[in-house]
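S.K.: Start from the sequences, fold in the hints, and give me the full structure.
The working numbering puts the sequence shown at residues -15 to 465.
Hints should not be assumed to be uniformly reliable.
Unchecked claim - Here are the simulated DSSO-like cross-link-like pairs (lysine-lysine), alpha carbons at most 27 Å apart as the crow flies: (1) K153 / K293; (2) K230 / K151; (3) K461 / K134; (4) K90 / K77; (5) K461 / K79; (6) K259 / K244; (7) K321 / K153; (8) K280 / K359; (9) K77 / K87; (10) K293 / K237; (11) K293 / K309; (12) K280 / K259; (13) K79 / K204; (14) K309 / K359; (15) K385 / K457; (16) K247 / K259; (17) K293 / K259.
Just so you know, these hints were derived from the structure itself, not from any lab.
The structure presented is a predicted model; accordingly, all values stated were derived computationally and were not measured.
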Amino acid sequence: MTNQNRRKFIRNLVLAGAALYLPACKNGEAPTVQQPEEQTVPDKIEAVVEKINEQFESENLVLLRSEDKQFSTLNIGFNKRVPKHPKIIALCKNKEGIVEAIKYAKQFQLQVCVKSGGHSFEGFSSNNGGMSINLSLFDNIEWIDSETVKIGAGVKLFQIYDNLLPKGKIIPAGSCATVGVAGLTLGGGYGLFARKYGLTCDSLIGLTMIDGNAEIHEAKGNDEILWACRGGNNGNFGVVSDLTFKVHETPKKFTRHLFKAYKLDIQRAKSLLEKWFELTALLPNSCFGAFVLNGKTLTVLITDADNRKAEIQPVLDGLSAIMDKATLGEPTADLAKALQRYYGIQTPLYFKNACAGLYQDFSSINGCIESVIQKVHENPGLIFQVNTLGGQINNPDFEAKSCYPHRSFPYLGELQAYYDKPSQEARLVNAFQDIQQTFTHNGIDRHYRNYPDINFENWEHAYYRENYPRLQKNQEKNMPE
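M.R.: Okay, structure coming up:
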């Protein structure tokens, strides 16, 4: 890929939302272990697989091996950097099929992972030598009443928007079209509307989960399982087959404002970031903001879901004064079309993405940001991004009912690296890891579970903080082995 084509490719990622919102492109559900590592292949696995298939006959699922026709298609993940090769894919047709799959996995000592959408940054929705429970057939959307919808774990975000928006309803999900709703929700889930309505998991009011004992749970109300699944169940203690949400009225108008700055040196990039923090702190809850540094080019996005132009005018004026280009949008009532702008690239990519910490304000990263910017400048393909949180995410009622532990932090950082062939990986990943170490050495140790990294130190503390012991008790109950 030429430098010109590379710039065009990454620019398209940013404008389409894959760089701005590949953060939201996450996650099939993660494996049913706390912090996945490379799995070893059990002895005599081929004999085990043959034995399973000889004994197996069910109307509830299909067991597929690598030589079966559907296997390679179902095994595709979004991140080409981390290919995985399970020995068996359990294509389940219903929750009884999930029960049977778990029983077989236990009987033949196969490690289990769960695939909803397959967007996990680290490929946690597949494994090596084990069983991948595939939920792609759980694609039903059922309206319980005008305010409540039950969504299958295999439903993608574009399907949710296609179904809900024409009815004037929405849940605060992410932006990337092919992300699975289960993985997004179970790790928290945020996007353009999170400041207005809360995290995706805050609209979750019930679910069906099959635990590690192959027992079916219908969780609702104050059920401990539901608490854990609001931000803490990326496959940690069961397979979620469907999720029930409270829906919200769609915004009447949606507006997008875009700002650009070019050929930045380190000091100007730092100054712009500091000012961005200052200005976005003024945004009402209806607004979302993103700071995206791609090499020496900066993109700033501001969206408004309530047409509150008068309130955000000082922010727009402030950004217009310091950026090189301002494109101020007009309100649109066509929310479906507006969201499609952020659907992103929907085919697998080579990339390395991870959380770069949660911040209170610019002071959280002031001591190290120059080193970070320098690395981004020196390594084409690297992107450093900060998104706004806060608003309804920090609602005390939501906090009391969920496992997500970072609500008081109004900003979320992400580090991204994109490339088009494996030979480019080492350079970018080395620079990526250098930046991670810089943040770690400067006390940045909180991380969003939906933006995982296999190398995070003290991951249980980073992801779950004070809620980890409570999650352990939940796991001991539902995943005793």
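S.K.: Run every hint past the structure and note whether it holds.
M.R.: Evaluation of the provided hints:
1. Straight-line distance between C-alpha atoms of K153 and K293 comes to about 23 Å, which keeps the hinted pair within the 27 Å bound.
2. A hinted pair counts as satisfied when its Cα atoms are at most 27 Å apart, and K230 with K151 qualifies at roughly 14 Å.
3. Annotation: proposed proximity of K461 to K134 holds, straight-line Cα distance about 26 Å (limit 27 Å).
4. The straight-line distance between the Cα atoms of K90 and K77 is roughly 19 Å, inside the 27 Å bound, and the hint therefore holds.
5. Only pairs whose Cα atoms come within 27 Å are accepted, and K461 paired with K79 is accepted, the gap being roughly 20 Å.
6. As the CA atoms of K259 and K244 are separated by approximately 14 Å, the hinted pair is consistent with the 27 Å bound.
7. Among the hinted pairs, K321 with K153 is consistent with the structure: their alpha-carbon atoms are about 15 Å apart, no more than 27 Å.
8. Between K280 and K359 the alpha-carbon distance is near 11 Å, which keeps this suggested pair within the 27 Å criterion.
9. Straight-line distance between C-alpha atoms of K77 and K87 comes to about 16 Å, which keeps the hinted pair within the 27 Å bound.
10. Of the supplied pair hints, the one linking K293 and K237 holds, its CA atoms being roughly 11 Å apart against a limit of 27 Å.
11. For the proposed pair K293 and K309, the alpha carbon gap of about 19 Å is at most 27 Å, so the pair holds.
12. Taking the CA atoms of K280 and K259, the gap is near 17 Å; set against the 27 Å cutoff, the hint holds.
13. The straight-line distance between the Cα atoms of K79 and K204 is roughly 17 Å, inside the 27 Å bound, and the hint therefore holds.
14. Between K309 and K359, the direct Cα distance comes to roughly 24 Å. Compliance with the 27 Å bound is thereby established for this hinted pair.
15. A C-alpha spacing of about 17 Å is found between K385 and K457, which places the hinted pair at or below 27 Å, so the restraint holds.
16. Taking the CA atoms of K247 and K259, the gap is near 18 Å; set against the 27 Å cutoff, the hint holds.
17. Annotation: proposed proximity of K293 to K259 holds, straight-line Cα distance about 20 Å (limit 27 Å).
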